[in-house]
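Participant: Those sequence lines, one after another, are chains G and B.
The working numbering applies: residue 1 is where the first sequence begins, and numbers increase by one.
The working numbering applies: residue 1001 is where the second sequence begins, and numbers increase by one.
Don't read these hints as lab results, they were simulated from the structure.
Please note that a few of the clues may not be correct.
Derived Cβ-Cβ restraints for the label pairs, each shown as a range [stated by the list, open to error]:
no., chain 1, residue 1, chain 2, residue 2, range
1, B, 1041, G, 44, 25 to 33 Å
2, B, 1020, G, 51, 35 to 43 Å
3, B, 1030, G, 25, 23 to 31 Å
Dumping the calculated DSS-like pairs for lysine-lysine here, alpha-carbon to alpha-carbon at most 30 Å [unchecked claim]:
no., chain 1, residue 1, chain 2, residue 2
4, B, 1057, G, 36
5, G, 68, B, 1083
6, B, 1014, B, 1083
Note that the Cβ used here is the ideal one computed from N, Cα and C, for glycine as well.
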Amino acid sequence: GEDVEQSLFLSVREGDSSVINCTYTDSSSTYLYWYKQEPGAGLQLLTYIFSNMDMKQDQRLTVLLNKKDKHLSLRIADTQTGDSAIYFCAESGAQGGKLIFGQGTELSVKP
Amino acid sequence: DGGITQSPKYLFRKEGQNVTLSCEQNLNHDAMYWYRQDPGQGLRLIYYSQIVNDFQKGDIAEGYSVSREKKESFPLTVTSAQKNPTAFYLCASWPGTVNQPQHFGDGTRLSIL
C-alpha cells in the first residue's frame, strides 16, 4: 500500500538552513503537501507542490520534488526559534481528498 | 472567519464509557475526515465522509463510530470497544477540488481516567 516516510528528529542552530526529507511510494500522487504542527495544535498548511513540478519557492520555504526517486524535501532558510514544530509531509492520489501522512519530523531550533 | 471547530479541547473518559468528539465546519466543504495522532506515528485515518449521510471506514475504524447528518457536522464517538483511546484526535475538511488542501481543526486530546 501507499507509504510515506520521514526521519523523526532534526536539530539546527538559529540562522542555519533546515532540510526536512520525505519519501513516498505512490507513483500516482498528484499533490504533495507540507504541514506544520505546533504543540497542542492542529495542522497548518505550509506549502504544496503539484507532481509535475520540480521546485516551488515561497519566501523562506523551498520545496524540491524528485519524482523519479519519489523524494520530497522542505528547506527552511534562516531558521528561527519560532520554526520549532513537527513537520508532516503528505501525499494525495489522483482524485485528491484522502491524504497519506508521514510520521512527522520534529524540528528543534537552538539559539 | 471560516474554519473548523473541535470541542472540547481536552476530554477524559472512564473505562467502559462512550464519548463523543465534536467537529463543526463553516467552510461549506463536502468532505470531512477524522484522524488519530499518536507520538511518532503521524496521522492515521479513522473515518471519512465525502457527502452528507455517507461515510467510509479508514485504516483504524475499529472501536469508533461516526454520523454525518448535516454538512457542517461530523461527530466521532469513541466507544468502549476502543481499548487504547488515549490520543490526540484531529478533524479535517476538504472542498472537493483536487488542487485544494485539507483544512484542520485544533484537535481534541482524549485521556483515560
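Participant: Against this structure, judge whether each hint is valid.
Facilitator: Structure-based check of all given hints:
no., hint, result
1, B:1041 / G:44: 25 to 33 Å, "violated (20 Å)"
2, B:1020 / G:51: 35 to 43 Å, "holds (38 Å)"
3, B:1030 / G:25: 23 to 31 Å, "holds (28 Å)"
4, B:1057 / G:36, "holds (26 Å)"
5, G:68 / B:1083, "violated (41 Å)"
6, B:1014 / B:1083, "holds (12 Å)"
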